[in-house]
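K.L.:
From first to last, the protein sequence lines stand for chains A and B.
The working numbering puts the first residue of the first sequence at 1, with every later residue one more than the last.
The working numbering puts the first residue of the second sequence at 113, with every later residue one more than the last.
Simulated from the structure, these hints should not be mistaken for laboratory data.
Since this is a predicted model, take the numbers as computed values, not measurements.
Just so it is clear, CB atoms sit at the ideal spot from N, CA and C, and this is done for glycine as well.
Nothing false has been slipped in among the hints.
DEER-style ranges, computed between Cβ atoms:
hint, chain 1, residue 1, chain 2, residue 2, range
1, B, 192, A, 14, 45 to 51 Å
2, A, 51, B, 198, 40 to 46 Å
3, A, 39, B, 130, 27 to 33 Å
Now for the letters of each chain:
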Amino acid sequence: QKEVEQNSGPLSVPEGAIASLNCTYSDRVSQSFFWYRQYSGKSPELIMSIYSNGDKEDGRFTAQLNKASQYVSLLIRDSQPSDSATYLCAVSYSNSGYALNFGKGTSLLVTP
Amino acid sequence: GAVVSQHPSWVICKSGTSVKIECRSLDFQATTMFWYRQFPKQSLMLMATSNEGSKATYEQGVEKDKFLINHASLTLSTLTVTSAHPEDSSFYICSARSPDTQYFGPGTRLTVL
Numbered sequence: 001q002k003e004v005e006q007n008s009g010p011l012s013v014p015e016g017a018i019a020s021l022n023c024t025y026s027d028r029v030s031q032s033f034f035w036y037r038q039y040s041g042k043s044p045e046l047i048m049s050i051y052s053n054g055d056k057e058d059g060r061f062t063a064q065l066n067k068a069s070q071y072v073s074l075l076i077r078d079s080q081p082s083d084s085a086t087y088l089c090a091v092s093y094s095n096s097g098y099a100l101n102f103g104k105g106t107s108l109l110v111t112p
Numbered sequence: 113g114a115v116v117s118q119h120p121s122w123v124i125c126k127s128g129t130s131v132k133i134e135c136r137s138l139d140f141q142a143t144t145m146f147w148y149r150q151f152p153k154q155s156l157m158l159m160a161t162s163n164e165g166s167k168a169t170y171e172q173g174v175e176k177d178k179f180l181i182n183h184a185s186l187t188l189s190t191l192t193v194t195s196a197h198p199e200d201s202s203f204y205i206c207s208a209r210s211p212d213t214q215y216f217g218p219g220t221r222l223t224v225l
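Construct the entire structure; sequences and hints are all you get.
P.N.:
Printed below as a string of structure tokens:
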């Protein structure tokens, strides 16, 4: 069974700090990796996608992928209270039509 | 770009009735759409993969005769919950693939009394 694991949190960081979110996956044939943010009662919104090993930066967000360790992370710099949400790690597989397999999410709380 | 809409955004129905949820990709064509379900404090679980012009592929444990999926065009997929029961109450979210990223609709909250 393909598993995507995340620490459920809550992860609490002060405003302005770096939030570090981690995710591990079990299937070595995983193709693409995504981070989504979900506010309570809303649908997920895409933050970052990453497909190859290394870092990918977009504004305050940096995704890191290490396929050898089956590990993907998301760093949020200069965290803001508006970043408080649940962050979902998702993995897609080409042999399943690119459907997403989600982790249970990490709840992030940024305190003023 | 990459906007996906869902209708209705919420629905309350009586047990035993059927409910249809529409998912539309507004500014792109999606050969593949996905239907997810999310129960409170849980993550999204894939229900089925919908391909335009062909039968949907359902995940294990999802009853295809209860959750009818139709993907009649490149911009529209529908999910019909037949003979809904209170345990079907959930947040139903569709997504559309373009081309290797999924964009999610705003979700439909279904409450079955």
